[in-house]
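**Q** Listed here are the chains, written in short residue letters.
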Amino acid sequence: MTIVIKVENLSKEYRLGQISGGTLREDFSRWWARRLGKPDPYLKIGEEDHGNRQGEHIWALRDISFNVEQGKVLGIIGRNGAGKSTLLKILSRITAPSSGQIKVMGRVASLLEVGTGFHPELTGRENIYLNGAILGMAQKEIEHKFDEIVEFSEVPQFIDTPVKRYSSGMYVRLAFAVAAHLEPEILVVDEVLAVGDAEFQRKCLGKMSDVARSGRTVLFVSHNMSAILRLTEETIVLDKGKLMLSAETPRAVDFYMSSGFAQEGERRWLEDEIPTSAAPFRPLALRICDAQGRVIETARSTEPLTIEFTYRLDSPITGLRVGLYLQTSRGEVVFTTFDTDEVSKFETHRLRQNGRYVSRCEIPADFLNEGRYVLGVNASSYRVRRYFQEEQALTFSVDATGAPGSHWPEPRQGPVRPRLNWKISPAAEQPAYGEPLIERTHSGGRTADGD
Amino acid sequence: MTANSDSIEPVPTGSENWSLVIRPQRNLFDLRLGELWKYRDLTGLFVRRDFVSVYKQTILGPLWFLIQPILTTITFTVIFGRIAKMPTDGLPQFLFYMSGTVVWTYFSDCLNKTSNTFITNSQLFGKVYFPRLTVPISILISTLIAFIIQFILFLGFTLFFWLKGADIKPNAWVLFTPVLLVMMAGLGLGCGIIVSSLTTRYRDLRFLVAFGVQLWMFATPIIYPVSSIPEPYQMLIKANPITPIIETFRYAYLGAGTVSIPNLLYSAGFMLVVLTIGILLFNRVEATFMDSI
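Chains H and X, in that order, are what the protein sequence lines are. At position 168 of the first sequence the residue is numbered 169 (our numbering), and the sequence of numbers has no breaks. At position 159 of the second sequence the residue is numbered 169 (our numbering), and the sequence of numbers has no breaks.
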């Protein structure tokens, strides 16, 4: 197999001072201080090194090497800030690496750039040409594919209308149509699949598999483990700028879901892990406990388990709701719940004063199936502000010993394994098919009309 | 698929068929002008976009290209000609001011618009790669179109005054106009991209530029002829690389003022230096400016 992307010892360093943007005066005082042998006047006092940060420098990527073969779909996973986007930015030449190199064979295009360069005053037609050229298509190539693009976009009747009159859905469809017809040798996809309706997403994923099937290469960045498992064969795991693992997708996903953030059923937040935007909300710890209150890593499906989220408010918050997301390790959401879901609770806790709180909920026995689960947390005031969110705060396992049906040693599908109240009894003689059923439907319809 | 990649022999390092190698900071002089040529369609579309979007949803549309120089010229004629009674080398005041305004506007528009390249396009540059120089170059071209419209207007007025018997003597230097334009464009582009490269780091410069260009105009013989300047200031005016261009332009079409080959060569040299510095700086900033915006 031909290698089409060769990443060699790639590193990218950001200077924190650069990110915040400097002024001439600041640089001048820095230079002056250096000349006089004084310390940098803009360095924060007491700055420490943690993890990938060193003084004023931060390594977004550090010494990454891997190869991608032609026709492969490579998944890239990692937490926020792991370096996924930086890697894609370097690959699509938006920014240059600090050291190392990437060798590429063929044209690289990314779905990052859907709709970039669209000008609201120009018509759909004009924008197709402009956007196509920005993405690197020659005028001839666009002319050749024009009809196909228009058809794919599903907006043929508005093609000569300025795009500022388009609905956002139409806009995205047109933009995607152009990007999808770029036919690059290497396609980079970064969670843009989140835009558009389900039908449209299906189309996008379809286009992506077409690209892969036609012998071209795809890099797919996602937080959605089920999409990664479905679409990719190999996956790399990034964490804090380092390449942790490069393996077949199931192994990589398992590694990612079960390491890094899982700390024996408990997740504690250190001061520097919390974005400043979270204030005045400050998460402290998230725990999984058994019925006796012990922190556990593996829960039994036949026993209830308690989820405890401890946090502190540095000033009072009105309308706060603290929520949990439970996901399977494949990324399917099992449920979302908030501590003030009950109207009465919402009213009694309308205003939470500063101080420490624990929001605790119990997951009943005989609810979860066996497997690994990921717990996310969220703290927000509905439609006002989201203070804090971490989608993969903690992972834990559920063991199904003694669960309904466990006398048959077969895996049960689905994230829940309820103990349902089955009744088996001899049935009465069957009435004739049809009539009673139709009558029931009719009466149901009538009541609905009456309402 | 090329024959090379099908060969069974181990590929020696260095002879691999990579179409692109992404490395840290490129060689300072690796300008990749070939790539710029590959993206010429894009440059053309940018020109079209700039031109079309400017007058969409305006009542007068492209007429604005004509109204601006006329109004400026009238203002200058009234204030500097009638009220301040500044000399115009014996030329009709209207034509004198208009020749200066039209040429100066081309230069200052080039400078002002290109100096914002990185700031106004940061959204675009942050998402997709294409040679960044296509943007300033498309600005030069769309500004040139505006200039040509205004230039035709100027020719019309010149013809009108000539028919009325005004003392104007167009001469063979007219043929030199394209060279003057290239020098203007080069100076505007050079200064503009130097500023745009520096503004990625120092936002202060943006304010300085708008203001500086205005001051620069007063140091250029737009509202006065060089001959009217007292000796000690002549040096200053002549050190300004735009001066010979304006003087030559006026001499060519109106027949007043002076043309000096050494001064023109000075402007050309100045332009080449500024343009080279600009392109090198731009090329350097282009690779990593997304980290600082």
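Think of the hints as simulated: they come from the structure by calculation, not from any bench. Bear in mind that the values here come from a model prediction, so they are computed numbers and not experimental data. Hints may contain errors.
Calculated lysine to any residue pairs in the SDA-like style (CA-CA distance at most 25 angstroms, straight line) [claimed, not checked]: (1) X:Lys-137 <-> H:Ser-100; (2) X:Lys-137 <-> H:Phe-67; (3) H:Lys-241 <-> X:Asp-301; (4) H:Lys-104 <-> X:Glu-45; (5) H:Lys-165 <-> X:Pro-72; (6) H:Lys-241 <-> H:Ser-215; (7) H:Lys-243 <-> X:Pro-34; (8) X:Lys-48 <-> X:Tyr-65.
**Q** Now tell me if each hint is right for this structure.
**A** Each hint, compared with the structure:
| no. | hint | result |
| --- | --- | --- |
| 1 | X:Lys-137 <-> H:Ser-100 | holds (21 angstroms) |
| 2 | X:Lys-137 <-> H:Phe-67 | holds (24 angstroms) |
| 3 | H:Lys-241 <-> X:Asp-301 | holds (18 angstroms) |
| 4 | H:Lys-104 <-> X:Glu-45 | holds (18 angstroms) |
| 5 | H:Lys-165 <-> X:Pro-72 | holds (21 angstroms) |
| 6 | H:Lys-241 <-> H:Ser-215 | violated (34 angstroms) |
| 7 | H:Lys-243 <-> X:Pro-34 | holds (19 angstroms) |
| 8 | X:Lys-48 <-> X:Tyr-65 | violated (29 angstroms) |
Checked against the numbered hints above, the structure breaks hints 6 and 8 and satisfies the rest.
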